[in-house]
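Student: Listed here are the chains, written in short residue letters.
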Amino acid sequence: MSTSQADSLHRLADFKGFLQGLQDIGVEYSVIGGQAVGAYAHRLGRESLSRDLDILAVSEAMERALLWAGRSGFLVRKRPQPRSIPVAFLEWEGREVNILTSSAALTDPAAVFDAARFFHVGDDLAVPVADPFDLLRDKLRVNREKDRPHIAILLDFVAEEAVQAFESETDPRLRLTPARKLLRVTGQRFLPAELARRLTERARTRADYRFLADVDEAFDPAITPSQWLDEVTEILRKR
Amino acid sequence: MFKTPEQEERAMAERRANEEAKQKGEPLPFPNLWDFLDPTKVPEDASPQEISLRYREFCKICPPRKRIHYTV
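Respectively, the protein sequence lines represent chains A and B. Position one of the first sequence corresponds to residue 1 (the working numbering), numbered consecutively onward. Position one of the second sequence corresponds to residue 1001 (the working numbering), numbered consecutively onward.
These are computed hints drawn from the structure, not numbers from a lab. As the structure is a prediction and not an experimental result, all values here were calculated from the model. Misleading hints may appear alongside valid ones.
[Said to hold, decoys possible] Simulated restraints on C-beta separations:
| # | chain 1 | residue 1 | chain 2 | residue 2 | range |
| --- | --- | --- | --- | --- | --- |
| 1 | B | R1015 | A | R83 | 43 to 51 angstroms |
| 2 | A | S72 | B | P1031 | 52 to 60 angstroms |
| 3 | A | Q20 | B | E1026 | 53 to 61 angstroms |
| 4 | B | F1002 | A | G94 | 52 to 60 angstroms |
Ideal placement from N, C-alpha and C gives every residue a C-beta, glycine not left out.
Using the sequences provided together with the hints, build the complete structure.
Tutor: Have a look at this one:
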């Protein structure tokens, strides 16, 4: 592998051939790491490139992938060893692919796959990318300096989901789901101030006001419709 | 862990009463409360084809969770 290829940065679509192969042999996996963050960054109109591709798979899926990779002529640089970190390193067309069966906070690859979102690359390839909340949980658990930009992107993405839920959902619970998940994943008591402000602008339901009274540190009860003011005041009092 | 011994004994007693009624061919004294919400329910001796058809009908009422899809 040349130095320029090793140092070059890639998008998820740059691994299309490899991912198509995994799909064709029916391997269940989830893209995690920098490529996953890049996929969500793209949805925000931003770019976040990464040198390699990290995928999370159950042990059996990793074995099938390695068998296929070997037969397809890809260079398997390292296989998972007993009693060590379960990771395999491959080289595909000069690009590095890492296959993991566990990450810091992603310890159940099957569950991560079940929650993964599909990014369609071309007509035939649907790439499972780990749910942004799962990614955020994982990044926050590791919390390396190099992960800070990724954490920022993921926080922005899930914040947009929270705002979109307030814009378009009618079910009182579904309106609150992304914001609640954000608080659970980050372990914060209150929403980020800017997000709280944007949600407050869009508050409509009784559940919205009750929720915001609890998690918006700067919540002003004066904005509450009169029929809910008593219960919102009670929530503020207990906070 | 989640039920008291009294709650568990009540549940087991209801199951025994249902089993006795079923063996006698009588209506269940403690039917499944969800049955009246599920018009697709088939008898226990339903054929595989009937079960397959029932599953498709049931999914119209209670569809599997949808994945989120994006286009790159």
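Student: Could you run down the list of hints and mark each one as holding or not?
Tutor: Comparing the hints with the structure gives:
1. Range check, R1015 of chain B to R83 of chain A: Cβ separation about 47 angstroms, and the 43 to 51 angstroms hint holds.
2. The hinted range of 52 to 60 angstroms is satisfied by S72 of chain A and P1031 of chain B, whose Cβ atoms lie roughly 56 angstroms apart.
3. Distance hint check: the CB atoms of Q20 of chain A and E1026 of chain B are about 59 angstroms apart, consistent with the given range 53 to 61 angstroms.
4. The hinted range of 52 to 60 angstroms is satisfied by F1002 of chain B and G94 of chain A, whose Cβ atoms lie roughly 55 angstroms apart.
Taken one by one, the earlier hints all hold for this structure without exception.
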